[in-house]
Amino acid sequence: MRPLIKKRVQFDYARYLLSKHLRYLVLTSLACIIANGFLVFTNPFAGGPWLVDGAFFQTVIAVVGAFFVSGFLFDFLNKRYKADIFFSLPIKRSDLFGTLFVTGMILVFVPYLCGWLSALPFYGQQIGEAFEVFLINLPMIMAVFALLVFVQMNTGNLLESVLFSGIALLLPILICGVWLLYCNTMLLGYASSNLSQLFLVFCYFSPLAAGIATFFDWASLSAFTFWLSVYWGVITVVLALLSSYLFQKRKAQQVQVPFTNPVFFPLLMGAFALAIQLLFWGVLGLGFYYDIRYMVLPFAFAWLVYVIVDAVAHRGFKNVIQAGVVYALIGIAGFMIILPANATGGFGFVKRVPDNEEVASVYVNINDFVLANYQFSSYDNKLLLEDEESIATITSFHQELLDYYEQSGLTGTGSYDIIWQSPSVSAGIYTYPYTTFDNYYSSLEITYVLKDGSSISRSYTYPTDWGYSLTSSNIVRQLTIQNLDVLLPSRNDLLVDSSASEYENINGIINDNSNILVTLNNLTYSAATNIRTKEDLIALTEALKLDIADQDLLSAKSTYLGDLTITANVKETIITYSLDGEVSYQTASSLSYYAYYISLNSEMTNTLAFLAEKGYEIPAQTMSKAVLVLPMADLEKSAFFTFSPSLYYGEDMTFTYYRLTARQFEQIRPYLLTPGLAKQAGCVLIFQDANGYEFAGIIDPQYTGTVLNLLKNNELYQTTGWNFFYLLEDVPANQ
Amino acid sequence: MIEVQEISKSFDSGEVLHQISFSVPKSRVLGVVGPVGSGKSTLLRILSGIHQPDAGLVLVDELPPKKRYVINRKLFFVSDEVVFEAGATLLQLRKFYKVFYSTFNDGIYHKLTAQFSLPEKAKLTSFSKGQRRLAALVLGLAIKPSILLLDEAFDGIDAALRHKLKAIITQQIDEEEMTVILSSHNLREMEDICDMICLLKDGSISLFGDIDEIKAGFVRIQLAFDKPVDLDSFDKYKPLSLTQTGKLLTLIIQGEAEPVLLDLQKRKPIFIQEVPLTLEEIFILKAEANHETVD
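Protein chains in written order, with this note's numbering: chain A, 1 to 735; chain B, 1 to 295.
If you are wondering where the hints come from, they were derived from the structure by calculation, not from laboratory data. Just so you know, even glycine gets a beta-carbon here, dropped at the ideal spot from N, CA and C. Only true hints are included.
Straight-line alpha carbon distances no greater than 30 Å define the calculated DSBU-like cross-link-like pairs of lysine-lysine that follow:
hint, chain 1, residue 1, chain 2, residue 2
1, B, Lys111, B, Lys164
2, B, Lys74, A, Lys79
3, B, Lys67, A, Lys82
4, A, Lys82, A, Lys92
5, B, Lys66, A, Lys79
6, A, Lys79, B, Lys67
Ranges between beta-carbon positions, derived for each pair:
hint, chain 1, residue 1, chain 2, residue 2, range
7, A, Gly348, B, Ala55, 54 to 64 Å
8, B, Ala159, A, Leu170, 51 to 61 Å
9, A, Gly453, B, Ser10, 53 to 63 Å
10, A, Lys249, B, Gly14, 18 to 28 Å
11, A, Val296, B, Ser10, 41 to 51 Å
12, B, Asp158, A, Lys249, 35 to 45 Å
13, A, Leu117, B, Ala55, 49 to 59 Å
14, A, Lys249, B, Ser102, 25 to 35 Å
15, A, Ser454, B, Ala55, 49 to 59 Å
16, B, Ser10, A, Phe226, 43 to 53 Å
17, A, Leu117, B, Asp158, 50 to 60 Å
18, B, Asn105, A, Val230, 47 to 57 Å
Every beta carbon over 12 Å from chain B, so not counted as near; a handful from chain A, in silico:
hint, residue
19, Tyr294
20, Leu384
21, Glu388
Same shape as in the complex, but just chain B (with noise of 0.2 Å):
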């Protein structure tokens, strides 16, 4: 379980994040995503220890900040860049991972690596830019984390690798109880493989919850009438959109569904029913009310 209890943190551009709370229970997995220069980077910095907050506390599993070195060995980060030694091999870092991790498993170890068939001798600069992403995810997931941060995990990495990985995650994800944090730029792969997503906006948290619970927070009602309508007549419902096509009107509402849904039908439409949400089309009602876009 990890707890953000108020965090800050501020560099000499100005502040960052501002009094960030949430907390992520065990094998749950947390998608940040926010504009550039939201603080999604600066915010897997801080709960990897790279950063120390201005204020507040990061627990994790109730160890407090002190204890930092303990809460880093359930603790793996791979970072938006993977940087390695120059001449550096896959076979040495896991040589240099070992050391530091005991829960290392070479059996992991060896059939993720041949399973995204990575070269543990070649160089890792004659690795492309997925290949080295993979590479570290493969060392991070053969650690056996309780925790795993990925900054723009996925960035690089082919749709059928990806697919595989995703899977491979969620696969530890229920034998280990792994908890994942990741920022992602990509909100379609963030609803596959997240279940709690976390919207940053200006170094605060403008919306944090289960993906679940979010999406039913909105809802998507599509209409038609057989004769024409005054559309300021749907004001009432505080639409969040709405849009007419042909006779087909679409309103997207926030809030409970059934008392709208009772209200119109006494209007007597000829066709009505409500359509989920995306995640993404969420964050674009979202950032579109203030006027922002999603990155």
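Chain A with its partners taken away, still in its complex shape (with noise of 0.2 Å):
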């Protein structure tokens, strides 16, 4: 090893090299010293992620130094007459080549190794991480400068140089962007597993990327440490042994000519320009995917970008044609790969659903306003299913619902405006009676973890009654329950109790607002109770959990009695007033928080029981008026929403109307759906309260007959319109 070091570095020279450069080397490491030792030994009084502070400027330092060693060491390759001094020195290239470059090295990594030596005694226990983030980052910053070096050898000018090596960095991360957004906008249920694991692979395209993940997503990528270190070592060797190459073939003549290397300035720029028109796809796609302009509009955008980089870098448009050309070939053949994989959900990769068989857990999140799983950062919440059952219903709904997609004549994203816009499911929506408005769709993610270690993630949107048999699945009620728990209880930002120790100086101002709200919306009556503790929340919560684990959501059995909302304050801000040094009094600044929601019936006997015990009475219920309406149409199935009722449907159908009396309605009340969503489309009762508000909830299909056989002498009229509200005008109240 030592003969082969010998032999391409000649040491006198890295020795005269070192001394000439000696005064960027004392700034530069003084530099890293301010950057990383300076601000770790001062953490333990300031405060703040040294991790984050301190290595990350150095490694900053330590990169930019990367490009100003490179642009200093080879910048004769710029400058014809010191080329010639250069060039007939009486050294081999290779040896020129091979001092100049483990200078370099020097050059750039001594800075960094005093900036983290300097730091070294302040580290405490955090030494062992320390030291990981150092081996992990000392190969990539040896690969920015052996890839700074490398596109030095194919480029003319220093101009160039420094411009192409910032996008050779960069183009891997834009290339991460860029494909996010492609797929999401253009493959149908695309979703990353997970984005640290996405960006992850790409630290193996770019340095950059890596670094910047060693700062950002340490969690993740401590796992990699070693085997990134050795891929970014090895790739630093290759490129050193590439450009030694290419060093060892230029020619003298190339100095101040654009592009030595005739392939790289292609390769590189045809990357770029086809990653720009990527990104305009996918910008410009968003939800008009199948419009032929928002394909040719990219492709015109990103052609003209390669033309006119292409004539800056070789002075002129004499190579206009030529270039044309080229980024035509190219951005063809972008779209010769992009298009089938469009229109084949990335050549089948979206469409597809494992067999049971592959799968060893699912993690399933639904979003849902009919299942009173709406809630905010639900995404978080993932329920864990191990049992085959449970995977095998996960699998059959994925495939029932692409097979809904494909239907509805979808193949492209699953944003829903998208839906929306699908000619099948925008007629469909005047056929649903009570359905499919714009803002009543579910939300859809699965990662199906495989018995090979692999992943795969989906994630859809679509029309809520798609949703049904997975509504009608337990899963949505072990999701249910599991959410209580991380929306409720697990949250430590909820201002629960107000007299917590953290707020005791309060002066009063926050108090009252401090508590979460429990407000029951009531077929006829709105009602509210605060917790106040801790306890009360959990205790409600446990309630909540025993009821719904005994519900079938979609099966009345048992009286509606309304929704109850839990309603809580986040905190946001605290500020601390002082006064002569002393705290005098603290404010709090919250945001409302739409914690939960669900449906309460009079099975839920825990939940009542908790209510009951806070003093907190379930009100008789009253209505004025009331109506069930019997659609004309035999349909399939019917999403209703019970606190919402503002239906309306946009062509005119036929209905008969029934006039409910008093009596009839206590009657019809248990067969009244909590969750709204039925099978088949049925009755819908429609009241209004005492003080005029309108209220409606869908009748269980399955006694559909005994509500009719109820009503067989009330009936109204026929009567064909698009508000089925509407008509509730025409009948008298109920005294």
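Now that you have both chains on their own, put them together as the hints suggest.
What follows is the structure, encoded as structure tokens:
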């Protein structure tokens, strides 16, 4: 090894270079010491994440330094008369390159090492982690330097080498973003298994991406430290060997000649322009993916970008036709891959539903109004399913969903806007009497963990009624129960207990707002109560969990009592006011947080008992007038939302109206479906309370006959219209 | 000994050198001349290893081109435009060249910097063009190369210093058996220092050889007659030039002088003498013969 190094590195020249650039070495070392050592040293006093602050800045210095070092060491490649001096020196080209490269690595590495060593005594218990970060950053920084040198070997002047080095370093990160955008826009159901994992993949494409990940996603990266270090170490060596080869082949007359390697520019800029094409396709195509113009425009734009950059690189438009043809070929090649990929769902990739036997477990999350799982940030809460039955339910529903999309003529994005525009869906909404309104959609996230260790992630947005089979499964109940924990007791930012020690010194400003409000939007009455302690919140949650576990969400067996809404305040900022160094008072600003929403019925005895214990009485229900509306259509499914009765539909339909007495109203109530999703279109109960507010509920279709039998003498009339609420006006009030 | 065997070189703009062959023995000084774009600088850059010939070979002391780094230990090239790094001083360059040339002689370096009053610690960017060229030459001479390649070597150096420099180079040629190849546009200067000459035209050698031999190949004869003569009668000598000033005729011919002189004597001139031509005059005549001007 030593003879090899000795042969490739002329130590006397390396020493000369180091002594020549001693001032640079000292200054950058000092900068790194200040950036890392000083920040780590002062961290215990000032607070803050040392890893991000110190090591990040010193890595930035090292990367910027790599630009400078590669620039000044190899600048003779860009200056004709200086090239004369270097190319006539009595040294083998390979040795000259080896010496310059190794010296450059030392000039980049030493300041970084100094910064790290200066912080070493202050790392404390984090020294192990700090050492790991150092070990992973070292080959990445070296790889940045190697890449910069490699670009210099392919370009003809300093400006170009800086510009294209930047592009080479950032391109993988751009591609990462473009890939995500494109797939999310164009590939139905595409979801990256894990953004961190995807970014980790790109850590193997750009040392800069790897460097960024070190600081911003260390948790994910730390597991790969060793292999990533080895990888970038190998890449550094490979780039160095390639650069050495190009250096030896480089002709002296190529000084100031753009792109000494004719393949480099089309490759790099072709990839860059193609990324731009995809980016614009993704952005413009969002919502219009089937419009041919939104394919042509990005292509034309990327083509223009390529031709302009080519003209800049070649100092004129003499190469314009060739450049135009080259990018046309690249762009067309891109189309030839992308268009079939769009049509086939990423060559079947996103349409793949794994066999049950392949799946070890599934993570599921559903965001759904009807199922009362609607909440903010629900995506953090995924239900883990490991039993065969649940896995089979998910794979079966997954396939069902894909079939729905196919029937609707959708192959591209799962964005609800797109679904809405789909001809079959937009036609379908007018034939469903009670369903598919603009904001009544559900979203589903599935992550299959396969037995071979890989994972498949998909994300769908679909009209709520498409999800009937999933809703009727036990999975939704499990998820609902799990959500209760995630959304309520496990959240530490809810302002539950205003007397908690953290806020003892508060002068009372936030006391009244710091509770969780439980509201029951009853059929005819709305009432609220406060939960003032964390213990109460846990008790309510446990009561709800017990009740939900016994519920059949799609079967009416009990009397619907209303919708329980839990609203909380979330801590946002705490401001402390001081007087003479003493804390005088604190104020907190809070954000109203719509924590939970669930239908309450008479079978939910545990919840009702809790509410009763807290002095919360379920009020008696009254109604002023009510009708039952029977649609004259036999439709397969019907979603209905009891808390949002502003229903209408676009085309006139024929309905039969039945007037209800107060007694009949009470008789019908047990047949009311609380989640509001029925397998078949059935009767809708519409009523008005004493205050004139209108409410509605869907009758369990299996009891349609029973209900109609009760009302056989109450038929008002048949009518055709677009808003069946409107007709309630014709019904006299009950006394 | 430098041996150039049929080298050719082309750039994007076209062929610059076409099948050039010559050899220069040790301790000789070869001057390369030719019009602008004739390939002088390219030839010197190929000899120094900066450019690789597309075809042909350059052998130095019989070392093959693969041993270029060995060849370059014996060789120093001073470019037509002397450019160093911004902020570099003569002292730094001395350190730089000492790394690569074990033959670097501090004695020669100090003697020459003193002789030419070159400040060691001043930035080279503050030097005049002539001073920068002198600095490069001083460094080149200090490494005691076997071969010194100078492209437009004396450009920008004043006459007195030029004279001094030539003396130093000549001394080193004698003492170190140094071979020098230089290009210059000043033909008088070439005549002073060179003992061989290479005239390039359109990338090919139009004239090559020892200066004395070249000069011996051209004869200027001045003669006068007591009565008018028919100038056409001199055509049989194929003169390169024939001029008449009063009774004095000047005839320049290429080839041996003796037979022509004997024949002219038969015409009974009242005055006849042979006057040597300068190199510049020969090149001008060659260039005029080709309807060109010499750079």
